[in-house]
Amino acid sequence: MRVTAETQAATRERILVASSDLFAARGFEATTTRDIARAAEIGAGTVFNYFPSKEAIVASLAAAAVAEAHAEFARRDLEAESPQEALFAFVAAELRKLKPLRKHLPAVLETVLSPLAHNEGEDGRWLRVPHLETVSRLCHRQGFKELSPVALQLYWSLYTGLLQFWASDSSPRQEDTLALLDHSLEMFVGWLEGRPAEASGQSEEK
Amino acid sequence: MPTIAELIRALPGEGEPAAALPQPLAAASMRPVPVGRLRRMGLLGTLQAKIAAAYLFYWVRGYFRGAQEKEKLLAETHWRTALRMLDSMGYLKGAIMKIGQMLGNLPEIVPSEFVETLDELHYTAPPMHWSLLSEMVHNELGNDPENLFASFERRACAAASLGQVHRARLRTGEDVVVKIQYPGIARTIGEDFRNLSLFLLPGRLGKDWDNVKSQMDDLRLRLEKEADYEAEAAMLTRARPLFREADGILVPRVYPELSTARILTMDRIPGVHLEEFLQRKPSQEQRNEAGRQLLRAWYRLFFAGRLFYADFHPGNFLFLEDGRLGLLDFGFMLPLDPELWQLLYRMDRALTTGRREDLATAVKEWSWITEDPSDADRLRLSVEYADWCWSARYCGGEFDFGDEADFVRGAALFGEMAGKRYSRSRPCTATVARQQFGCRSMLYRLKAKIDVRAVCEEEIKAADWDRRSYT
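Note that the protein sequences, when read in sequence, are chains G and E. Here the first sequence is numbered in the numbering used here, starting from 1 and rising by one per residue. Here the second sequence is numbered in the numbering used here, starting from 1 and rising by one per residue.
Bound conformation, chain G alone (with noise of 0.2 Å):
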């Protein structure tokens, strides 16, 4: 049983890294799940035994490289001066992570993170939730209570928005994706200060 499992995670971790080098070289769209299966030297319909479709195997790609950003992000010693800043700081060390998988973030962008997506699959929770649970402790930590929904939403709005212009900017270094994010943030930062203090659940000392 154990063997199967390990044999499993073996095989699984073959087509992220054969998807990975794919994608680099010729792009999302040019290649296709045989051309992964053939990589990974497993049998073209052995590749749906572990992901449904292409975008999964992005969206696995993704919520791995997320992880890795968040620890590295949670072990370091964050002195931001406000919630911009903090905010700003955690978005650009995912940005760091996933840049291997800029290009090909649109095919997740319009599924399993998309604001509207209703489900959202085991990846694609583990790209939203954790990322909106650093981002509601980070404004807490800033001053503000919990986070609403609404709140969340409308961050989650800003922050695939981002993504998805990061995905195709042309401008050097991608730099116009900082002057966006740091936009993006001022913007949410201020919805969140600038609404009555109970509907917003900013705090009474702030």
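Hints are computed from structural coordinates only; laboratory data are not their basis. Built from N, CA and C at the ideal position, the CB exists for glycine as well. Treat the hints with care, since some could be wrong.
[What the hints assert, rightly or not] To give an idea of the interface, some chain E residues facing chain G are shown, with a C-beta separation under 10 Å as derived from the structure:
no.	residue
1	181
2	185
3	374
4	399
Assemble chain E onto chain G, guided by the hints.
Leaving out everything else, chain E in the frame of chain G:
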């Protein structure tokens, strides 16, 4: 001097209550720089941005107005307006702020309080937050500031019009400053100018519109160049060997491995700006020597380096405790091509003899003035103005730059020229005029007494300038 935010808060409620004023600059620091033409047009629709644009328009329109009218307009533009403009420029952080600096160096058209306020802006504009800054460093240099440097101050020590400056220490021990550009700002300069051109459209029917437009284009090109820190690094590297230790003039060394088109790492020069230098109540001789150093630096770059140091404002110079002078910003340099160099060589003859006919020949060539009788007044005025600009040099002997009457005379001449639409000239004239006023304004504030000819001749000799063809 109080902070800009304090000044804004202290404004009397003329027109609108203070509470409705734009947020103070401290808050503006968190506002991102908008990218994209439409959004920026939206910004220019706000009250304070209109005022900023109005100032620019005023500057250009000055060419179309009589002196009396100018005074009237000046009275209308109270220095409160300047403060609001600062707020607007702090928001845009791009070319408009740079234009503010230009206005700051044209004392003949702006109230003195405005000039002083803009001086402040040269080094106290609001910072980007650390997370963004750190990410820019990582983006450009491939690692975080704390890994690249032995230490890196989180707070900016100065504002650059397109970014900000931080103190740091290299792993090898050198104290440096790191100039970092706001992401995307370099590409917004073109957008800024296109937007401003729309505001200036009413002036297009004026007689000299083409000329004004070409001068605006000239400024835009130079600003775009200034946004390229790689180009600035190249200029610093070219200028630095022109000065020896004994000269007492410092040009910072660039660290190319820690510099890119958006980040510039260079030696930190420990000195104070003009305002602080003056607050220390330097002796007359210290003032004179500071003035001599300013001129020496400028002439050295010009004669030996064939470089025109155009960005002549107090934020770009540091006065050291031991009397040395530090030059800071090499973004706005005009390398003199052979054609321009030859022209300036011919100009030098007039500046050497000081003869009226030589001055007339020089200004005719510079400003394309013809023998036509309709150009006679323009020629007279241009010669008068050239005489004001350069008499200190060709007369020789000690010249008192603190002479207020003389300074006002020059400003009046410039105003008259502008009022009579005598602006038709070479595209670089705006740059040259800015430099001249910037330099005179600093020497005036220093109240320096200097033998300009002695300083200049020394530099000419050192550069081995050959004057034999004059005769």
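Are any of the numbered hints broken by this structure? If so, which, sorted upward? 3 and 4
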